[in-house]
Amino acid sequence: MITLSPKHIFKVPVEAECISPDVFAEKSTKEIAMLQIWEGNRKRTIGDFFKIKHGTDSSSEEITIRISGDVGKVRRIGAGMSIGEIIIDGDIGMHLGEEMEGGIITVAGNAGSWVGSMMKNGTIEVKGNAGDYVGAAYRGSTRGMGGGTVIVHGNAGNEVGCFMRGGLIKVYGSVGEFVGIHMRKGTIFVQGNSEGRAGAEMTGGKIVVCGWVPSIVPTFTIDSIRPKVKINEETITGPFYMFFGDLAEDGNGRLYVSQTQNPHLAFYEKYL
Amino acid sequence: MPKLKVSLLTGRTIDQGKGKEFGKLSEEYWKSVAICEMDPNDIKELGIRENDSIKITTDFGSAVVRAVKSKRTPHPKVVFIPYGPWASLIMNPRTHGTGMPSLKGIPAEIEPAPKERVLSLPELLKEHYARE
Amino acid sequence: MVPVISGVTCPVCGSFCDDIELVVKNNAITDVKNACAVGVAKFLNYTNHRHVIPLIRKNGELVETSLDEAVRKSAEILVDATYPILYGWSSTSCEAIRVGLELAEEVGGVIDNTSTICHGPSILSIQDIGISSCTLGQLRHRADIVIYWGSNPWSAHPRHIERYTAFSTGRFQATAWRGYLSRLGAILTKKRLMRAVNLVLRRDVSAPPGIDRRLPYSLFRKGRKMIVVDVRRTRSAELADYFLQVEPNSDYELLQAFRMLIRDEELDVDEVAGVPVEILEEVADIMIGCELGILFFGLGLTMTKGKLRNIDAALSLVRDLNQRTKFLIMPMRGHFNVTGANVVFTWQTGYPYAVDFSQGFPRYNPGETSMIDILCRGESDAGLIIASDPVAHFPREAAQNLVKNPLIVIDPEVTPTSLMADVVIPSAFVGIEVEGTAYRMDHVPLPLKKVVEPPENCLSDVEILQRILREARRIRRRYN
Amino acid sequence: MDLAIRNGRIVERVDEKKAEVIDASGMLVMPGGVDIHCHIAGAEVNSGRLLRPEDHFRDVEVKTAVTRSGVGYSIPSTFTTGYRYARMGYTTVMNPSMPPLEARHTHEELDDTPMVDKATYPLLGDWWFVLEHLRDGQIEECAAHVAWMMSATKGYAIKIVNPGGLEAWGFGRNVKNLDDSVPYFNVTPREIVRGLCKVNKLLNMPHTIHVHTNNLGKPGNYITALETMKCVEDLAEGKRPVIHITHCQFCAFKGSDWQTMSSGAEEIAKYVNHHDHVTLDMGQVIFTDTTTMTADGPFQYGLYNLTGNKWVNHDVETETSSGIVPFRYKRKSAVHATQWSIGLELALLIKDPWKIYMTTDHPNGGPFTAYPNIIAWLMSRVARKKTLGKISKRARRKSLLPSIDRELSFYEIAVVTRAGQAKALNLTQKGHLGVGADADIAVYGINPEQIDPSKKYKTVRRAFRRAAYTIKDGEIVVKNGQIVKSVFGKTFWVDVKTSLPMEVNDDLKQKFREYWTVEYENYPIPDRFLHFPAPIPVKAEV
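Protein chains in written order, with my numbering: chain B, 7 to 278; chain D, 129 to 260; chain C, -18 to 461; chain U, 778 to 1319.
If we strip away everything but chain B, and leave its shape as in the complex, we get:
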C-alpha cells in the first residue's frame, strides 16, 4: 500500500498519468518521488506535491495506491493501468482511468468528466457523482469504452457511454442528456431519471432507464412491454417499454424505459 497525500491545494490543472500501479510497481519511495508530473506548463515531481507513505508487503501483483486529500484538479490518474488498485478518498479530476486495461479504481468522492474514457477492461467505482462523457471516445474517434465496468452511485452528466463498444456502465443516480449516444454495443443501466434523448443515434447495445424520461427520440419505434430485463447476471423487474432504434441510423439498439414511471408514454401502446 502506497499512500499519497497532497501537500497543498492545486489551482491549475495537474497531469499525473504516472500515478498508476503499473508505474509504481517495484519502485522505491525515492524513485516514486522523482516521477514527473505537470502543473500547468511546469515540470514537477510527485515528491513536490505529495507526501508519500510506502507501506511494506507491496509486491507488483496486488500493489495498491491510496490518495488521501483533495485531488479534484489532478487528471489522468490510473490512465492505461492494467494491474493493482487505486483508492481515492476525496474528489478526483478528469480522465480517471482513461484507456484502463485492468485493475480497480475506487473514488469516495466525485469524479470529473471522461471517467474511464476508451477503457478496455477493469473496474471503476465512483461513490459520488461523475462528470460528462463517462466511458466516451476521444474527439472524432468511434472507439469508446470497449470493456470493463464503470459504476457511479451518484449522478452522471451528459453523453454517458458516447460511442460505447462494450462493457457495462451502471448509474444509480440520474443521467444527463444523450445517454448512449452513437452507442454500438454494451450495456448502460440507469437507476434514476434521464434528461432525455436516451440512446440517440445508437446502432446497437442495450440501455435501461428505471426512472423518468421526458420523451423518446422520434426515431425510435416501440416493440413490446417487457416484465423484466436482464443486465448480465442481474435481473431488473419492470415493467418496461422496449423501443428499437435509432432508425435514423438503421440501428437495432434496445432502449428499455420504465412503464410505471412514464405514464406520458402510454400513447405508444396503441402501436402494439
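Don't read these hints as lab results, they were simulated from the structure. A hint or two may mislead.
[As the list claims (entries may be wrong)] When the alpha-carbon atoms are kept at most 20 angstroms apart in a straight line, the in silico EDC-like pairs for lysine to aspartate or glutamate are as follows:
1. Lys57(B) with Glu91(B)
2. Lys146(D) with Asp12(C)
3. Lys17(B) with Glu263(C)
4. Lys1288(U) with Asp0(C)
5. Lys205(D) with Glu251(D)
6. Lys385(C) with Glu251(D)
7. Lys49(B) with Glu360(C)
8. Lys13(B) with Asp0(C)
9. Lys840(U) with Glu87(C)
10. Lys199(D) with Glu434(C)
11. Lys146(D) with Glu87(C)
12. Lys276(B) with Glu247(C)
13. Lys17(B) with Asp362(C)
14. Lys286(C) with Glu201(B)
15. Lys431(C) with Glu1298(U)
Put chains D, C and U on the given structure of chain B with help from the hints.
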C-alpha cells in the same frame, strides 16, 4: 407583483451590430443591447408599458433591462435579449463538456422593476466585475 | 476628383463581402458604397471611443505608458504564468494568428478563438460525422432550395441572401426577388386592412397568436425557394417562402424526424417539435425534390439544448439527403475571420480551437481545454485577449474569473474588457489601417486592404505580438 | 570522390582549409529527395486535419530549441511535415491539388512548411473558362487564360482531376468515360485532356499535364487509364513526355466488380514500356489507417458509401470539388492487398525507372513517412515475400509479385525517388549532384558497396528513415535523424510570358463577378504574398 415564466433567447441584431460599431460606451450600443424584446401580449400581461424597466432572473443571475415590443410576433412566453454585457449576466455558463455555454432557450422569470434603473455600462462593470 | 478605393473587403461578418467601395479624403473614410448598415457603421465610426496610447494599471488605475513598457509587462505576465490563456483571434488577420500561436507555444499557454462560443459544437460534430459543403458561389449558381435553420442572416449577415443565395442570380438559377416582392405586397395590404378594421370596430380583431403552417404554392414551383426554420419569426423568416416555427430546444427531434422521413419511413408520433408530421412529410418531399439544396445553420442550433448533437443530426440529415439528390450544409460563421482562426490553428497544431500548449505540444479537448470551462473552473492565472470582448460576451461567472488574474488586452477600441485590463495595447484596425488575409465563412481566403494610415505609433497586431514574443524569449533565456 | 559546396550550390572545388568537412566515406550519398505528388498543404489537406483529431493525438512533435511543435500521423501539421521529410533526406515536395480560388490558403501553409522547397499545381480540368474555350475550340484563348491563372495562383503545373466529372458533381452526377459529355457544357473528358495537353505545350510548361484519370478507384478502370494515355499519343514529339498519370495504382484495376477485381498492372506496364510520351507515379498503398483526400468529389462519395466512415465534401465554384474519407488498408482485405500488389507490380514491371516514380499519393495510399518501407519492397524479394505471406489468400493467389524477380539497385532507387521526378518536373538544379546543382544532399548511414539490400532490407529501411545528414542549400539541417537547423524552402511558380496575355477589361471583370463571388482585383495573389517566391520565367509559343 405579476411574474412571467419565459424562455430566454439571446443573439445578434442588426442594431446591436451597428451599435457596437459606434463604440461599446456609446448611447447607441446601450440602447441596442440593454433591452428585452417581448411579445406585446406578454407586456400587457405584466401590466407595464414599453420602455419600462423589467427584471429578468435565471438560475445564474438577474439583470434589469428595458422592455420593448417585438416587431415580429407571435412568440408568447419567448423573450429575446441581444448579445452584450446585460445578456451575459443571466446566461447559463455550463458547457457539459462541449466548451459551449447555453445562450438560448434558458428558462427565466420576468417581473416589472419600476423602482430600478437600467445600469449604464460603467456602472454594470463596477458592480459585477470590479476587483477589490 | 476624389479617390474611390474599390474591391475593399468588409471586416465585420462572416459573409466577408469584397465589393465595398470607399471614398477617402485626407486619410479619412467619407463615403461607403455597397456595404450593409453594419458595414457602413464600421467604416464611418471605427474611430469613435478609441484610445491610441498604451495603458498600464498602477495601484488600481489605468495610466498611460510607453509601448516598450506595455510590451515588457505583457511578456512578464505571460512568462511568469503557469497556465496562461490567449483568447480572441477571430477579428484579426491570419498573419497575426500565426504569430499568436507561436507566442502561445513559447509561453506554454492555452490558445482559443471565439468559435469556442459560436460554432465550436459544429466543429465537434464535424469531427464525428464529416460535412458536405461548398463555396458560396456554388450555391449562387446552383441552389434551388435554401434553408436557414436557427440563423437570422438578415440581422447577422445582412447581404448574405442577396449576394450568395435566394436573391442572387447564377448560371443555373435566377433570383427569387420578384416572388418576395409580391408576397411582401400581400402582407402589407393585409396589415393595412387589419388596421382599418380595428379602427372602425375600435377593438383588436387581428388573428389570435396562433401559427398558420400551411405550405404556400410557391414552394412547389420550379426555381429558387427559401425556407426559414426558427423558434421565433425573425426578419429573415419574413423574406422566406415558408417559415417553419419550432418549439425551443426541440430542433434535435425535428432533424432526426426529417432523417426518417427522407428515407420514407414512418414515425410513431403525430407531431414533432410542435409541428404536425404531415407538414414535415411535405417539407421532406420538397427537400428530396430539389436539384441542389443548401442548409445554413446558426447559433440557434449550436447554443440550444443538444448543442453539438443538433449539428450532428443536421450534418447526418444532409449526408443522407445525398442518397436522393445533391444537398450541402454550411455553418453561418459570425466574425469576419473566425473561419481563418480555425484554419490557421489547424494547419499549425492539427486542431481548430481550444489548443493547450502547456506540455510543449498541442493538445485538444473542448470541455477541458476550452476557454469557458477553464475560466469557470478558475484554473488560469493570466490572460491575453486580442480583438475580442469576453467581459461583454462571456457568462458572468467566466468573465469574473478572467478579470481576477493579470489581464493583457490588444484591441483598437475601448471595450468592457480593456477597461478591466492590467495592460492595454491599442492596435491599428486590420482591414482599414493594416492589410492582411482573412477567410470567408466558406473557407475562401481574401485580402484585407489598408485604406488609411493608422494613428501615430499605433502598431498592427502582428508587430505587437512579435514584440511580445521577442521579449518573452529574452526573459525565458534569462531564466534558464 | 568529394563534393564541394559554396553559397548553396555544388561547385568545382573549395578551399578545404577554410571549409567545413563532412566525412561521408562508407555512406550512401544522394541528391535530396524529390516528391512529385504529395498532398501536404491547402484547403483539402487542412479539412482533413480538422476532421481527424483522433488521427494525430497520439503522434506528437514536442517543441525544441530549433523546431516548432506539432502533430503527425496521416495528415501532419505543416511544421511536422517539413521536419519529417527532411529527416528522410527529402528536400523538394510538390503539392498536387490546389483549388485556384483558395490558392492563398495553399501558399500560406506552404510558407509554414519548413525544410523543403515546394510548388503546387492548380486544378484546371473543370474550370469553366477552360470548358468553354475547349468546347469552342479556342486553344490560344484557353492558353492565355491558363497562363494568367498560373501567375494568379502562383502555380507550377496544370492539374487535371477526373476531367468533366467534377463539374458534373456540382449537381451530384459524374462522367462515365472519355467520351461522355459534361452536362450543360457539351465538351468531353477526351477534349479536355487533349486541349490542356496542347495548351501545356503552347505555354512551354516545365512539367507535363498532371492527370488523375476518370473512374478512379473503380474495377476495370485500367481501360480508362490506357485510353487517357492513348488519347494524347499523337501530341508527343520525340522522347519528351506529354502526360503524367498520377497515383497510377488507383487506376490499374481489372475486373467488373470488387469480387472479380484484380491487377491491370501488366497491361499498363506493357503500354508504358512501348511508349515514351507518358510518365507515372505509383500511389503505393501501405497497410495502415490513413485519410483519403482528392479533388475527385464523386470518387470520395463512393468511398463513403463503401466504408460508412465520416465524409467531407467541398465543392468550389466554377472550378473544382474535393472530398475526404478516413480509410484503413487491411492486409486481410483482398481488395486492399491487391492494391498493395498493383503499386509494386507497376514499379517493377515498367522497365525504365525514369518513367515511374515512388509516391504513396500521401496521404491517400498511406503517409509519406512509409517511403522507406516501399524502398525495402522494391529492393528486396525477401521483403516482398514476407509481406505477401501476411496478406489475404485471394490477393496472394492473384498477385504477380511472386513471378517478379527484379530488385531495384541503389542507382534505380535514386532515380525513382529523386532524379526521375526532378527530370519530369524539369527542375534542372534538383535530382543530381553535378556542378551548379542546388546543394540539397542526403547522406544515409549504409555502405552501398558492402550491403546486400536484398537480404539486409531492414538495415536499408532504417537508414532511409533517418538520414545521417540532410543538407539544404548547403546547410546541415539534419544530423543522425535529428533536426539541427530549421530553414524555410523556396516556393517555385511558373511565370509564363505570352505574346497575347489575357486582356483585362470591364467585360472580363464583369465575367468574374458572374462566375465567382469575389472581385477580379481580389483574385490574383501578389508576388509579395509568398515569403520565399522563386518564379521560373517561361516564354510561351503564343
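Do the hints match the structure? See the list:
1. Lys57(B) with Glu91(B): holds, 19 angstroms
2. Lys146(D) with Asp12(C): Given that 20 angstroms is the threshold and the Cα spacing comes to 16 angstroms, the pair holds.
3. Lys17(B) with Glu263(C): violated, 56 angstroms
4. Lys1288(U) with Asp0(C): holds, 14 angstroms
5. Lys205(D) with Glu251(D): With a Cα-Cα distance of about 30 angstroms, the restraint between lysine 205(D) and glutamate 251(D) is violated, given a limit of 20 angstroms.
6. Lys385(C) with Glu251(D): holds, 18 angstroms
7. Lys49(B) with Glu360(C): holds, 17 angstroms
8. Lys13(B) with Asp0(C): violated, 62 angstroms
9. Lys840(U) with Glu87(C): holds, 9 angstroms
10. Lys199(D) with Glu434(C): violated, 42 angstroms
11. Lys146(D) with Glu87(C): Distance ~38 angstroms between lysine 146(D) and glutamate 87(C) Cα, so the pair is violated.
12. Lys276(B) with Glu247(C): holds, 15 angstroms
13. Lys17(B) with Asp362(C): holds, 8 angstroms
14. Lys286(C) with Glu201(B): holds, 11 angstroms
15. Lys431(C) with Glu1298(U): holds, 14 angstroms
Checked against the numbered hints above, the structure violates hints 3, 5, 8, 10, 11; every other hint is satisfied.
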